[in-house]
Every structure is written in C-alpha cells, then in structure tokens.
Amino acid sequence: MVESLILRIFRIKKMAIGLAIFLAIVIIGIVGPLIYNVPPTKTIGRRYTPPGDAHPFGTDALGRDVLAQILWGIRGSLYIGVIAAGIALSLALFLGTMAAVFGGLVDRIIMTASEIMLLIPSILLMMLLAAYLPERSLWIVGVVIGVTSWAGWCRGFRSRTLSILSSDFISMATLSGASKVSIILRDIVPIIIPYILAAFAMLFSNSIMAEVGLTLIGVGMTKDVTLGLMLYIAQLYANISQGIWWTVIPPAIIITMIFLSLYSIATSIDELVRSW
Amino acid sequence: MNSSLLRNPFLIFALKRASVMALTFFIVLFLIFLLPRMIPGNPLWVIIGNLMQQAVTDPEQLKGVEKMLLESFGFHKPLYIQFIEFLGNVFKGDLGMSVLFYPTRVTTLIATYLPWTIALVTPAVALAWFVGNNIGVMAAMNRNRFIDKVLLTVLVVLQGTPSYIFGMYLIMLLAVYLPVFPTGGSYPPGMVPRLSPDFILAYLRHYILPFIAIFLTSLGGWGLSMRSIAVQELSSDYMDYLRVIGVSQRRVSRYLFKCSALPQIVGLAIVLGWSVAGSVITEIVFSYQGIGLILWRGVQSLDYPLIQGIFIIIIGTLLLANYISELLFAYIDPRIRYAYVGR
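Chains as they are written, first to last, in my numbering: chain A, 1 to 276; chain B, 1 to 343.
Just chain A, same shape as in the assembly (with noise of 0.2 Å):
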C-alpha cells in the first residue's frame, strides 16, 4: 500500500518534485537549528559581514548572524502555517459540512457568516486586530490568520457534500437509522480527503504568505523569527536600496519556493487519487 502510493507519487513528476522541495524545507526547519548552533537574536559580530567564514550568510543590520535567522525563521513560518492552516482548515471542513448535510436556517446562517468572511479582506481583519495587540508570536499571529481565511473552503467543502448527499449510498445509510454526524464522519469525509488535502496545502502557504504581509506592514510578528520578520527588518534598515542583498534575497527566495512546492503539490492530488 505504502510503497504503491510512493510509486504513483513518483510517476506524477509535478508531485514528486513539489513534495520532495517542501520535505527539503521541512527537514532545513527541524534539524537545521539543531545542528547550526548560533543563537539567531543576539548580536554575535559587526553590522553587514558580508557572507564569508565565520557567517556564512553575513550579518543583519544588528549583527545578528543570517544563516542562525534563516533556520529558525523556516521553522517560524512553518509553525505558523501548521496553526493557521491547522484552525482554518477544521473550522471550514465543520462549518461546511454541517451547512450542507443540516441545511434550513443552519446552512443560512453559516453561508451569510462565510460571505461576510470573504468580502471584508482578511489582511484588513488582521491588521485590524494584530494593531491593538502589542506584543505579538507566533500563536497570536498564527491564530489571527487560521480564524480570518476559513471562508472560502468553506462554501468548497458544502458544495462537495451537496454533490455527494444525493448519492444513493447516502439515502441507504440515512434509511437504515445512521445520523447525521456519523454520515459527516463515515461517508463524506472519506471521500473528500484529497480536497481537504489539497486545502491544507494551500491554506498552509497562503498562511506563510499572510504572515509575511502582516509583519512588513508592521502588524505581523514581535517576538519571534520568521521568514516575514527578517524581510521586515532588512525593509526597516533600508537594507534593499543598500545593496545589502544577503538580508533579502534568501528569505525571499524560500518564501517563494514553500508556494511553488506546495501549489504544485495541491494541483496535483487530484492527478494522483485518479490514478488510483
């Protein structure tokens, strides 16, 4: 079984290397910190070492090393994804399945919540909320983020169990006494997996997206180090328009690689189930 879906998942070349970036990230975020032992907040050398022996990656504008900043920010972000793909999703996959199997006032009122949601702007939410708290980590940020952006997998999540509800096996389990959560639980959510699958991924990047925007706006992250944090500081000291590249383009660049992996990892589930 194991081995048949790591076989299947190397045949869809979009899969496989979408998978095998992401895993290389999630590795560099859990182990890198533990190997490369230098404390990423304390000032450990000069202002702007460029990138040589003793830092590899140089030095930010506090002198704090970059390499040190950029493991422990994967690993920040990573968290952060985890909370706020982690709530969003459970909230969405509830909601939406219980509009579409309770229906009547329930599903009204869980629809009109959810558009609500998606037209006002969940940054505009977030820095609303993240601007009268003053001191911010991880879980606050990752928390703001998870309860704002739930929405529209929700109205995805009850479209797809509306289009299974009039199954026939639905009727039959219905028929012979079944209720309605254990229907959610037994008939609906085994088949939807590869969706929810799909909206982890996505909601996982769009998270570590939301959270660098929330920090360069400077109502993101205080306390801890995250990708976002380190673009913020690099803005704050005017590091781009310096030259002082070696703050910059590191962060960036991974930031763009968790999207790139993990889009194309949600965009290619679908390919995989069907190949079942």
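Bear in mind the hints are in silico, worked out from the structure with no lab data behind them. A virtual CB, placed ideally from N, CA and C, is assigned to each residue, including glycine. Treat the hints with care, as some may be off.
Computed far set for chain B versus chain A, every beta-carbon distance over 12 Å [claimed, not checked]: (1) Glu-66; (2) Phe-91; (3) Gly-93; (4) Phe-101; (5) Asp-148; (6) Gly-190; (7) Ile-208; (8) Phe-211; (9) Ser-253; (10) Val-266; (11) Gly-278; (12) Gln-289.
Per label pair, the in silico range of CB-to-CB distance [as the list claims (entries may be wrong)]: (13) B:Gln-249 x A:Ser-275: 28 to 36 Å; (14) B:Ser-253 x A:Pro-39: 36 to 44 Å; (15) B:Pro-334 x A:Leu-175: 34 to 42 Å; (16) A:Val-26 x B:Pro-179: 35 to 43 Å.
Chain B: place on chain A using the hints.
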C-alpha cells in the same frame, strides 16, 4: 403594477445583495468601533506616550491631541451612545482628526493620498488584465503543448510571488546594481508636485518600478484564470462546430477571448476594488506616497483615527465594487438573478 415590480427578479436580486452588503458594512463598523475600546487601560495614554517617545515635544500639540481624542472617543459616555455617535459621524463623512498629523482631518489626508494610489494601481491592473487574458487564451489554444507548459510555469511563478517581493528584486536589480531608476519615493525630495513636464518626467521615473511589480503579480492571476475558463470553453459544442466548418485559428481565438472574458470583466471590478488594499505593502517597499504608506505610518504610531478612517474607506470601496460587479453579472446573465428568486 406593484406586484409585478415585486416579482422582478433583477430588483429582488439587487435588494437582497444590498442587504448583505449593508450588514457586512455594519459589522465592519462595529468591529472598528469595538477594538480600541476592548484594550485594557486607557489607549489614549498609550498614544500620547507614543507621541512623546517620537520626540513630539510641542506641549500645545500634545494638549490638543489629548483633548481631541477625549472628545472624539467620548469614553465617559455609555457604550451604546458612543456607538450611535460613531455611526452618525461616519455617515456625516466626519472621520475625526489624525494624531500623527494633528490637526489635519483624516478625510483631508485620504483625499490627498488616495489619487496617488489610484494613479499607480488602476493602470497596472488594467494592463495586466488585457495582457494576462491574451496570454491565457494563447495558452489554452496550445494546451498541453510545449508553449502552454512554459506559459503555465511562468504564470504560476508570477502569481506565487507577491508584488512586494518583486518590488525588492526590482529595486536591487534596476536601482542599486544598475542605477537606472530611483530606489523609492514618488518624486525627487526637493520637487513640488505640479503639472510641469519635468515634474511628470521625474514622477514617471519613480513610477515605473512599482508599476512593473504590481503588473507582474496581477498578470499571473489573470492569465491562469483565463486559461482555465478558456480550456473549458474550448470543449463546448460551438467550438467543435467552428473547427468543423474550418474557421481559421486566429478567428477561433478571437471568439474564444470574447466568450471567456465575461467572468473576467466581473472579476476586474472586484480586483479594482481590492487594489487599494492590495497595494499597501508594495507602497511601503517603494515608499511610494499613497494611501498604503500613510496607513503604515498610522499603524507605526497607533494613530487610531487615521487607521479607522482608512479602513472604513477601503472596505466601503471594496463592498461597492463587489456590489457593482454582482449587478453587472446578474444583468448580463439571467440565471444568476433567477437563482435568488426561485422559480
């Protein structure tokens, strides 16, 4: 007469959508009202302490700011009266005075900086719409061939890179290593904005890089959505018919563009409404003096009246753009309005 008007599906659709928009706007206003009042302690002292830290030592200004804040927030009154007064002020178009630029009114600030943002974003998005849709049709016409794969990859990379990251790359490349363009700002520091040839020329030099950054990101999105719409359209019966009667490729792609552009036109209205919100970070990166940069400065110094005012304006335009695009869609496509009335 009266009953036939009530059964007009377009009217019912318009009214129902308007009520959802109004409800959303009301919720947003409530959130904006509630948040500064939920913070423990007196947020006004935080603002004033913050101003003193930023070396605003003019006692006249501090006193004026304090008095203005106490009056405009009205913390001593009961909460519901505060809310009613807040709503009243918003609908009168009175958004209070900025703390950072005291005693300038928030509405004056927005009126000063919004045109700069619109001048930057609207042409960039419109051009990206046109070019992106044409690329999308081209990719769809050649689907699964080499050229489609190349275009698809480029479009995905463009869409996946936020415009502010493009902005950073562009500044490094074309302003630092090859100093062709300035690194930021909207015009040279010594100049005064006016309609003279040398000012416009200087403005354009500052304008090109942020324009390209917004254009490129927007391009990816339009191209990708157009490609997927056009690919679906290609499998329809009338396309088969065109092929059977031997219409030239050029004409097929022209029909394809027209038939697939409808959802894209509606999308353009939404995106233009979004663009003010979407360009905030790009403006920060280029220190281009639009509404985004001024919002950033407001956030940095906790200028609540300014933040509130800009939020209200941005969300107002956004809801309006959405509403207009929905009406447009319902006007063109009868199925949409009937879906809201039932049979």
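To see whether the hints hold, each was checked on the structure:
no. : hint                              : in the structure
1   : Glu-66                            : holds, 20 Å
2   : Phe-91                            : holds, 19 Å
3   : Gly-93                            : holds, 20 Å
4   : Phe-101                           : holds, 18 Å
5   : Asp-148                           : holds, 14 Å
6   : Gly-190                           : holds, 18 Å
7   : Ile-208                           : holds, 16 Å
8   : Phe-211                           : holds, 17 Å
9   : Ser-253                           : holds, 25 Å
10  : Val-266                           : holds, 15 Å
11  : Gly-278                           : violated, 8 Å
12  : Gln-289                           : holds, 16 Å
13  : B:Gln-249 x A:Ser-275: 28 to 36 Å : holds, 33 Å
14  : B:Ser-253 x A:Pro-39: 36 to 44 Å  : violated, 58 Å
15  : B:Pro-334 x A:Leu-175: 34 to 42 Å : holds, 39 Å
16  : A:Val-26 x B:Pro-179: 35 to 43 Å  : holds, 39 Å
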